[in-house]
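Student: Please model the complete structure; the sequences and the hints are all you need to start from.
2 protein chains.
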Amino acid sequence: MQSNKENVQDLISILVQSGLKHVVISPGSRNAPISYSFYHHPEVECYSIPDERVAGYFALGMSQFIKAPVAVVCTSGTAAYNYGPAVAEAFFQKTPLIVLTADRPEEWIAQGEGQSIFQNEIFGKHVRFFAQLKESSDKQARWFNQRKINEAWEACTLRTRGPVHLNIPLNEPLYDYADRIEQAPVKRTMDMQHALSESNWALIAKQISSTEKVMILITQNADLVNPEDLDKVAALNNVLVLTESTSNASSEHAITCIDRLLEGNSKEELSGFIPDLLITIGHNIISKKIKALLRSHPLKHWHVDESDRFLDTFQQLETTIPVNGKDFLAQMALRVETTINSKYHQFWMLREKAIQKKHSAVLASMPFSDMKAFELILAAIPEQTDLQMGNSSVVRYIQLYNSRRDLRYYGNRGTSGIDGCTSTAIGFALLNERVTSLISGDIAFFYDHNAFWHEHLPSNLKVIVVNNGGGGIFRIIPGPASSNALDACFETPHQRSAKSTAEDFGLPYFSAENEEELAEGLRALYASDGCSILEIFTPRLENDQVLHRYFAALKA
Amino acid sequence: MQSNKENVQDLISILVQSGLKHVVISPGSRNAPISYSFYHHPEVECYSIPDERVAGYFALGMSQFIKAPVAVVCTSGTAAYNYGPAVAEAFFQKTPLIVLTADRPEEWIAQGEGQSIFQNEIFGKHVRFFAQLKESSDKQARWFNQRKINEAWEACTLRTRGPVHLNIPLNEPLYDYADRIEQAPVKRTMDMQHALSESNWALIAKQISSTEKVMILITQNADLVNPEDLDKVAALNNVLVLTESTSNASSEHAITCIDRLLEGNSKEELSGFIPDLLITIGHNIISKKIKALLRSHPLKHWHVDESDRFLDTFQQLETTIPVNGKDFLAQMALRVETTINSKYHQFWMLREKAIQKKHSAVLASMPFSDMKAFELILAAIPEQTDLQMGNSSVVRYIQLYNSRRDLRYYGNRGTSGIDGCTSTAIGFALLNERVTSLISGDIAFFYDHNAFWHEHLPSNLKVIVVNNGGGGIFRIIPGPASSNALDACFETPHQRSAKSTAEDFGLPYFSAENEEELAEGLRALYASDGCSILEIFTPRLENDQVLHRYFAALKA
Chain A
1 MQSNKENVQD LISILVQSGL KHVVISPGSR NAPISYSFYH HPEVECYSIP
51 DERVAGYFAL GMSQFIKAPV AVVCTSGTAA YNYGPAVAEA FFQKTPLIVL
101 TADRPEEWIA QGEGQSIFQN EIFGKHVRFF AQLKESSDKQ ARWFNQRKIN
151 EAWEACTLRT RGPVHLNIPL NEPLYDYADR IEQAPVKRTM DMQHALSESN
201 WALIAKQISS TEKVMILITQ NADLVNPEDL DKVAALNNVL VLTESTSNAS
251 SEHAITCIDR LLEGNSKEEL SGFIPDLLIT IGHNIISKKI KALLRSHPLK
301 HWHVDESDRF LDTFQQLETT IPVNGKDFLA QMALRVETTI NSKYHQFWML
351 REKAIQKKHS AVLASMPFSD MKAFELILAA IPEQTDLQMG NSSVVRYIQL
401 YNSRRDLRYY GNRGTSGIDG CTSTAIGFAL LNERVTSLIS GDIAFFYDHN
451 AFWHEHLPSN LKVIVVNNGG GGIFRIIPGP ASSNALDACF ETPHQRSAKS
501 TAEDFGLPYF SAENEEELAE GLRALYASDG CSILEIFTPR LENDQVLHRY
551 FAALKA
Chain B
557 MQSNKENVQD LISILVQSGL KHVVISPGSR NAPISYSFYH HPEVECYSIP
607 DERVAGYFAL GMSQFIKAPV AVVCTSGTAA YNYGPAVAEA FFQKTPLIVL
657 TADRPEEWIA QGEGQSIFQN EIFGKHVRFF AQLKESSDKQ ARWFNQRKIN
707 EAWEACTLRT RGPVHLNIPL NEPLYDYADR IEQAPVKRTM DMQHALSESN
757 WALIAKQISS TEKVMILITQ NADLVNPEDL DKVAALNNVL VLTESTSNAS
807 SEHAITCIDR LLEGNSKEEL SGFIPDLLIT IGHNIISKKI KALLRSHPLK
857 HWHVDESDRF LDTFQQLETT IPVNGKDFLA QMALRVETTI NSKYHQFWML
907 REKAIQKKHS AVLASMPFSD MKAFELILAA IPEQTDLQMG NSSVVRYIQL
957 YNSRRDLRYY GNRGTSGIDG CTSTAIGFAL LNERVTSLIS GDIAFFYDHN
1007 AFWHEHLPSN LKVIVVNNGG GGIFRIIPGP ASSNALDACF ETPHQRSAKS
1057 TAEDFGLPYF SAENEEELAE GLRALYASDG CSILEIFTPR LENDQVLHRY
1107 FAALKA
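Those protein sequence lines, which keep their order, are chains A and B.
Those letters in the first sequence? Residues 1 to 556, by the working numbering.
Those letters in the second sequence? Residues 557 to 1112, by the working numbering.
I should point out that these hints are in silico values taken from the structure, not numbers from a laboratory.
These figures come from a predicted structure and were not determined experimentally.
A portion of the hints provided could be inaccurate.
Incomplete in silico selection of chain A near chain B, CB under 10 Å [said to hold, decoys possible]:
| # | residue |
| --- | --- |
| 1 | ALA79 |
| 2 | PHE92 |
| 3 | THR211 |
| 4 | CYS489 |
| 5 | ASP504 |
No farther apart than 20 Å at their CA atoms in a straight line, the calculated lysine to aspartate or glutamate pairs in the EDC-like style are these [claimed, not checked]:
| # | chain 1 | residue 1 | chain 2 | residue 2 |
| --- | --- | --- | --- | --- |
| 6 | A | LYS288 | B | GLU728 |
| 7 | A | LYS125 | B | ASP864 |
| 8 | A | LYS291 | B | GLU669 |
| 9 | B | LYS844 | A | GLU172 |
| 10 | A | LYS288 | B | GLU663 |
| 11 | B | LYS845 | A | GLU172 |
| 12 | A | LYS289 | B | ASP864 |
| 13 | B | LYS882 | B | ASP864 |
| 14 | B | LYS845 | A | GLU113 |
| 15 | A | LYS288 | B | GLU669 |
| 16 | B | LYS681 | A | GLU172 |
| 17 | B | LYS681 | A | GLU107 |
Glycine is no exception: its CB is placed at the ideal position from the N, C-alpha and C atoms.
Tutor: Written out as structure tokens, the structure is:
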């Protein structure tokens, strides 16, 4: 059973033939023909999520996990706008999302009809492809629609991945059914790929081989890197590899705590840290400190990226190497043979070890606080867990601890918003067989309260909320901390607790306000059945001081 | 004290001099210079609201009440997108809103920096004016900024009101202060208005005077109509005035329950109801039935509107009369003298009385249900209350009961979304001295749970949630009701209760599940201190049948 509308039939036929498996539906009337046609399709799994902001991020989380397109379907009007945040995040995170917005027929827009806004190109530059489908069932219109639907699929899956948007005008009657029969034609162009020439590869390898200090910085979306290749390159005596947790590409020869290393060295000491050649793989660097440091020193920068040709993070980009990070490292592992005597790798790995010792010493006597809580959390997380890191202080705290190689780290670092971290984690966990832990700050958690409002809560999701009473990050950075408008303009002090959220949705809830309770709480959380929440209360007015003392001790 | 940034100083100086009094701040870092400069300004009241979707609608509610611009200020990134729904609603509701989005400097957009998206023109056609301010403090840049800020104020206040957007790039450091001294120049062009010529007015009056059946349909945003003028015109023997509640322009000579009247007459009887001349005042008609009926009969249609020149709701617009509804009715009250013998007014007023009797009879024996609950609610609301009607079934049920002339009726009928009804009501009530009652369905209420998440809850707000277990409206319309995908695609069945929301935010809570409890609940609600909530549980699977029986009885 499906709608008798040809544009809907073509839409569903082409997307499903192309491989679409998961469709998130926000209940509504105008989108009914699309919703029930997907719902009745045997090859599609549908999820009903009423809050469209949540639905968008939920779909993004699914897509983040399966690395394939997930569709979201909504009715007309402001519903579409509520997808905006997730669409922007998907764009900068390069995650494929197919946004299907039902609309009134074009001729009725801005004519006083309810639930109609300007949906044509509503997401602006935040989608990789947009088309306004036609309603007519004549031959020209169907040829147009079929072509556009095929284009949309390609645009979100080939090379630079990301969200695409199809706006679908639907006239009444919306509830006339037809049998599912015809299959619209799928058009797949062959995926033509350029390869680098042999001489290019040789030149790149030669330059790396002969440079005294080569830094390779690996960040988000590089998680298909081959570990053996990475290990081999990272062990070279003239190469220092830095990896952020979101790269999911750690190596024992690499440094995973960038901020900790930078805080543990004086400005003078860091002058030896500046590479001659910087190579970046992946995008959206978390560490502000490394960005600031490398921007302020002249160096040669190569960016490895198939799509973004002019991502000039350090304002001194020399070239973009237009391949993916996996291929790049594979070639380098094969070709690079250091030809010079360099202490770069050895020196900084030893520094890292020394700072790691200081880190452990400070932590041993640290009072209960945000910083201390993360030590206990990260140690207690079961093996082979997937972590979803909330924005914004959570992800920063996590970078101060060595990456665990058995964990995988994810987060919405495309635009780093706080608005959909929980929804993303829920969508992600739902398709995942591993235990998934969201670690969230209180503000991000309350912001996304409705993330739990549906029937699809995954039993493998364990949520940890670090509740420091509201927006503690603004006590850490110097400007707001000295402002007497702190409460009103920056922080969000509150008495809310995640307990209400747990009760609202009938979820098991645990809490902790000191080390012992936290240890017990973590045990209980991971032993509990189903999606459950552990809330950790930390001292709002002390967290920033603990962190400042920690940084001071690293320097001492 | 204010920021030392010239673009921020000019922004605040011009907006405050122009009359801006209320600023809603979403806490963040990039917007800090704007936030603390407003915060420290003695003539401005600031409100801190963390969820930007809520903040946008909260500001809209304030603006809906004071009928003057309210500003919202947010940080960069997806924060801005969360204003989207409120901006679209403000656009179609014609409510002035000044959206101020802080941004990274233009040269850093799409360069992998956190919290940066394409904010330039992000709201597309949903704002009446957009400008990207400059950061430079040179003379040309300041001249440009000052001009654009003045233009923005004008664009949202003169004639066609609505939202405007200024995107404000701000470089670090963000926390350097200066004394407040300089006042940037305010430029106000005189508000030049065209008046209709004497001959135009005479012609219009003559045509109305000599037409047998003139229908005047008054809808949203017509609420400045002079009651005496309306009474005089509405009493004419050839004129039938229909008013929707959102017009706040009722008259004893007018019909306020359009759907009830249409349901109470057969198709044949309604042929006598079709006017020769239809005049519409205001926009966004709630009644789908009147739209469908009048579209299907040839008639002459004049639309009275200062701004929308081609709002052709019935696909047979003859002309737009480019004045506001108040002036139009004043002129008609002065000039129209019916010159023909017409029974149009008398006949339909009598029919209305007969149907009103049937309505009362059916209600007397109606079981407890959504429909019945509205009778009790509307009778119990204290005198001189302002009503905020939630979308979408609530506003439709309310239209079935005679408008109370001591009440004022509001709702987000610009785009009729469910996403911000509570937030709008809270902002509205906060600046209002009258008691304000939000009546909301359960889905809209849960959708906007975060509406209560801030320190500005108005003690004069009484919230009534009609909880029918999830999206009952889809059981009323025929298509979805017969679909076996009802749960997944249309309704949002749930076990949530507003009690959790009340507990989450520490609000008094009452509940009712039958007539007696409802009467008691309403008494308790209006007697309680502060912002409080009454939740009414109605039978999910019976509400639609009760309503269908009601309509059948009107026809009988």
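Student: A separate judgement is required for each hint: does it hold in the structure or not?
Tutor: Hints and how they fare:
1. ALA79: holds (7 Å)
2. PHE92: holds (7 Å)
3. THR211: Hint on THR211(A): violated, closest Cβ of chain B at ~24 Å, above 10 Å.
4. CYS489: Given a least distance of 4 Å, the restraint on CYS489(A) holds.
5. ASP504: holds (4 Å)
6. LYS288(A) / GLU728(B): Status holds; Cα separation ~13 Å.
7. LYS125(A) / ASP864(B): Violated - the C-alpha atoms of ASP864(B) and LYS125(A) are around 29 Å apart, more than 20 Å.
8. LYS291(A) / GLU669(B): Answer holds: LYS291(A) to GLU669(B) is near 10 Å, not above 20 Å.
9. LYS844(B) / GLU172(A): Distance of about 13 Å is within 20 Å: holds.
10. LYS288(A) / GLU663(B): Cα-Cα ~18 Å, so holds.
11. LYS845(B) / GLU172(A): At roughly 14 Å apart (the allowed maximum being 20 Å), GLU172(A) and LYS845(B) satisfy the hint.
12. LYS289(A) / ASP864(B): violated (53 Å)
13. LYS882(B) / ASP864(B): holds (16 Å)
14. LYS845(B) / GLU113(A): holds (13 Å)
15. LYS288(A) / GLU669(B): holds (9 Å)
16. LYS681(B) / GLU172(A): With Cα atoms ~26 Å apart, LYS681(B) and GLU172(A) exceed 20 Å; violated.
17. LYS681(B) / GLU107(A): holds (16 Å)
Hints 3, 7, 12, 16, counting from the list given before, are not met by this structure.
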